[in-house]
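Starting from the structure of chain A, add chains B and C where the hints point.
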Amino acid sequence: MNAPTHTNTRYLENAWYVAALSSEVQGQALFHRKILDISVMIYRLSDGSPTALRDRCPHRFAPLHMGKREGDEISCFYHALRFNSVGTCTHNPHGNGNIPDGANVRAFPLLERHGFIWIWMGEQTADPDLLPDFSPLEDSGPNAVGYTYMHMDANFELIVDNVMDLSHIDHVHGEIISTRGKLSPKIPKIRSTSRSISSRWEWEQQPAMLILAPFLPAPDAEARQYFDITWTPPANIQLSVGAVQGELSFDEAVMQYDLHTATPETQFTTHYFFATRRNHDTDNAEYNAMKIKAMHDTFEAEDGPIITGVQREMGDTDFFDLNPVLMSNDVGPVRVRKLLRKLIEEERADDYHKSE
Amino acid sequence: MNAPTHTNTRYLENAWYVAALSSEVQGQALFHRKILDISVMIYRLSDGSPTALRDRCPHRFAPLHMGKREGDEISCFYHALRFNSVGTCTHNPHGNGNIPDGANVRAFPLLERHGFIWIWMGEQTADPDLLPDFSPLEDSGPNAVGYTYMHMDANFELIVDNVMDLSHIDHVHGEIISTRGKLSPKIPKIRSTSRSISSRWEWEQQPAMLILAPFLPAPDAEARQYFDITWTPPANIQLSVGAVQGELSFDEAVMQYDLHTATPETQFTTHYFFATRRNHDTDNAEYNAMKIKAMHDTFEAEDGPIITGVQREMGDTDFFDLNPVLMSNDVGPVRVRKLLRKLIEEERADDYHKSE
Amino acid sequence: MNAPTHTNTRYLENAWYVAALSSEVQGQALFHRKILDISVMIYRLSDGSPTALRDRCPHRFAPLHMGKREGDEISCFYHALRFNSVGTCTHNPHGNGNIPDGANVRAFPLLERHGFIWIWMGEQTADPDLLPDFSPLEDSGPNAVGYTYMHMDANFELIVDNVMDLSHIDHVHGEIISTRGKLSPKIPKIRSTSRSISSRWEWEQQPAMLILAPFLPAPDAEARQYFDITWTPPANIQLSVGAVQGELSFDEAVMQYDLHTATPETQFTTHYFFATRRNHDTDNAEYNAMKIKAMHDTFEAEDGPIITGVQREMGDTDFFDLNPVLMSNDVGPVRVRKLLRKLIEEERADDYHKSE
Chain A
1 MNAPTHTNTR YLENAWYVAA LSSEVQGQAL FHRKILDISV MIYRLSDGSP
51 TALRDRCPHR FAPLHMGKRE GDEISCFYHA LRFNSVGTCT HNPHGNGNIP
101 DGANVRAFPL LERHGFIWIW MGEQTADPDL LPDFSPLEDS GPNAVGYTYM
151 HMDANFELIV DNVMDLSHID HVHGEIISTR GKLSPKIPKI RSTSRSISSR
201 WEWEQQPAML ILAPFLPAPD AEARQYFDIT WTPPANIQLS VGAVQGELSF
251 DEAVMQYDLH TATPETQFTT HYFFATRRNH DTDNAEYNAM KIKAMHDTFE
301 AEDGPIITGV QREMGDTDFF DLNPVLMSND VGPVRVRKLL RKLIEEERAD
351 DYHKSE
Chain B
1 MNAPTHTNTR YLENAWYVAA LSSEVQGQAL FHRKILDISV MIYRLSDGSP
51 TALRDRCPHR FAPLHMGKRE GDEISCFYHA LRFNSVGTCT HNPHGNGNIP
101 DGANVRAFPL LERHGFIWIW MGEQTADPDL LPDFSPLEDS GPNAVGYTYM
151 HMDANFELIV DNVMDLSHID HVHGEIISTR GKLSPKIPKI RSTSRSISSR
201 WEWEQQPAML ILAPFLPAPD AEARQYFDIT WTPPANIQLS VGAVQGELSF
251 DEAVMQYDLH TATPETQFTT HYFFATRRNH DTDNAEYNAM KIKAMHDTFE
301 AEDGPIITGV QREMGDTDFF DLNPVLMSND VGPVRVRKLL RKLIEEERAD
351 DYHKSE
Chain C
1 MNAPTHTNTR YLENAWYVAA LSSEVQGQAL FHRKILDISV MIYRLSDGSP
51 TALRDRCPHR FAPLHMGKRE GDEISCFYHA LRFNSVGTCT HNPHGNGNIP
101 DGANVRAFPL LERHGFIWIW MGEQTADPDL LPDFSPLEDS GPNAVGYTYM
151 HMDANFELIV DNVMDLSHID HVHGEIISTR GKLSPKIPKI RSTSRSISSR
201 WEWEQQPAML ILAPFLPAPD AEARQYFDIT WTPPANIQLS VGAVQGELSF
251 DEAVMQYDLH TATPETQFTT HYFFATRRNH DTDNAEYNAM KIKAMHDTFE
301 AEDGPIITGV QREMGDTDFF DLNPVLMSND VGPVRVRKLL RKLIEEERAD
351 DYHKSE
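Chains as they are written, first to last, in the UniProt record's numbering: chain A, 1 to 356; chain B, 1 to 356; chain C, 1 to 356.
Okay, chain A solo, but in the shape it has when bound (with noise of 0.2 angstroms):
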């Protein structure tokens, strides 16, 4: 009952936001899930595509994945009215049988690509131009290429200001993509547009990166190294990080190619969603699972702990209310935070507009 609210302050509405990975919607399942604090159902129709609708009958509130499928067609488990893949009410078993005024669901769009299915929440016209190209994910096949979700008891944000901020790499992460203290120091340079930040770093280091060195023509020498990281409004962060020796260009690097991206479940949880594709040995299913294990432990054991503790410091209180220290190495995501916060106001005042 104590659940926080939804409020339009606090989140992008009109955008795409990641609702599950294609994995987890298979076959004849009702898959549900609690998205900017609306419950959603999501399910298959028989040609194989997803649809979302609002996990809520209309009529007396029973979750709707708790009902039964009708082909494509979905019949609430309380008194079976039956819906439509768009929503409408297609059948009510009771009295006369007439279809109630209003009886219908929300249905939300999605579109599927690059192995997720994407939402959108908002009240305005899904704008399909406004998800960025995640293509490169699918670039080498599906030996070279993971997925995977956890759940966090964190605001969004704070996620986002993880990944954004690659300084904390050799502090809070093992050997394996230990940067061996070249990272810190360096101020990464920073590109914007009216919908992106972006970070990039370059340093040398011996060995490179474990994740990249045995790639490498000579696995334990000098490597030059880039982190390139994109974020794109909600909550996606793109980030590329490779490894190149000799005289090659880091167009030539050994490289893998990731997308982090956080779906609020509530103001203090999350749906974390990560994906990551590699150039390189990509016919080895065994090192592709390997890796992409790794690397969810690898969130769970060491940023997962970090972020839900500085959540518990925070409480509900605005970050920054809380008059952080900011520093150089903050630039980026402070940015991401101020854009964002612009990109709601602006979506707030249109909404206001059209409401006069």
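Do not take every clue at face value.
Listed below are the simulated DSS-like cross-link pairs for lysine-lysine, each with C-alpha atoms no more than 30 angstroms apart in a straight line [claimed, not checked]:
hint	chain 1	residue 1	chain 2	residue 2
1	A	293	C	68
2	B	182	A	68
3	B	68	C	293
4	B	68	C	186
5	B	293	A	68
6	C	68	A	291
7	C	291	B	68
8	B	186	A	68
Rather than coming from a laboratory, the hints here were simulated on the basis of the structure.
Frame of chain A; chains B and C shown alone:
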């Protein structure tokens, strides 16, 4: 600390609620249960009659059910103030032993009838005539009646809604009480008084419900059936279901007489009591035990998850404020909600006039 | 997220609270505990002395106790800002390495005395003279004194109430400390100063309390006994209990000298610390260990359930707002509640004048 608080707007207070099954309060035990947000202790005097006191010492607020019986009196565990069965302090072991002014515990009027202990939580004088006559529960002897108790994480009105609209039974429940699709299309006949709402359905099906069919002359043949249910305040629903074949009238039906009654623990948790009496196979103790267990398990496994799922989706928003889509099968439960609201408003107006 | 927030009206802030038993903070460990709603980290410097810092990095609010020791300094686990033992930032590994303004952690004054680490949470200058002298705890050597810690789900004042009114002991506790009904009728003699409330009981019983009787000349014979307890702010109660026989005065009693002290974790949870020192059988390590364990178990099994039961019945309502029926045995605890309230109001008035 975040428990919902007691508000006059939500409960009818001057009314009889079931506090416990008679069988729950036995021997020397100090039974306790929270009712309408108030902790109550119930115990039986040496003559077997039950008494109810607020479960809180007026001295330092220790729960009295942690105390010790001294005959029909209760000694608080903390500092041994002793109270008699109407809540008057009879002994103070401290200092000069004077009984301080106001050292009394509120006693609640009780009636023990039909296998239940009923409690009156309001400030007005308890009126035994406001307890409906459920004596038919006792008409067939001890081997033809069963009682059970369930705790549900839902507002009590959701339980009333569930029983008042029996059109859900073919969808939620299994074969045993199926109407084979015959009930949903029927619009029940509604009868109202100033303190009751009744619904009656009549239909034919073949075979009859499996709870009744074996006791009919021709178990596999078509039967005429009826449901007759009557809500009375605050939250009782007396339900009769019967079946007949051939020339017999419904008065001669193979039937059962049930009572569903819901007592708020808090706004979001409810004590659900149920009794069922049948007029057939009345000396079969084994069948009797099996039947009440089966009904208990059905409520827990089938109604319970739906009702608590609805509660989660509704949160703390009022039912009508959620703009439910209402249909022909909702006439009965909606009339109940409106009549209960009217009775609560009348009670509050009475209190207001008395306080002027 | 629903934890009660820190309000000046409820805690005396400029006072010494026990933060930990000395034995709880050992070696290189970074101990942490929430005190007056604030997370605190405590650790011992290389010279053995304890230091306390707010357990929250000023950069991004990670808990510092998750960090790493570097000598007597602590490096935050998240981004490796390093702080010395008084909370000054000494190292920033990011960018040009400048220490940002304000990158300091609040340090809390500590005193380590009598087996406890005491903390000063207020904004005024810590005043060591405000810590009462509990040195008698150390008067009989290490085999005659024991310490323990308990966590209780109750407001700290309910723990103070419990110890300030010893008339409960015959009702709540067993034979071992029974006064055989002699204590309750006694009205204790109360003594007050501007910063203390004391109560003293004297009586005869046969035999003496079983914690004392075996050490008397005639264990089965009548003895004269006394309790002498003194509350000092914020929440210390020093309790002495003794017994004598024959011509001896109470100064020559077989006695124990105890300290009960309660530190609010939040408004509704408390750190309860206890120490007991005896003046008899002072070289018996085995008896000593048994005795502190027995007292710990008694608090947990007998006082604990009553105190937490009272808390549940009181909810978040103020004690006096519930109109308690007060008696002769409440004079001591009520004076303590009123004096504490007066001291808190004076503290708030001081703060108000300073802010003008």
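Violating hint indices (sorted, rising): Going through the list in order, the structure violates no hint and respects every one.
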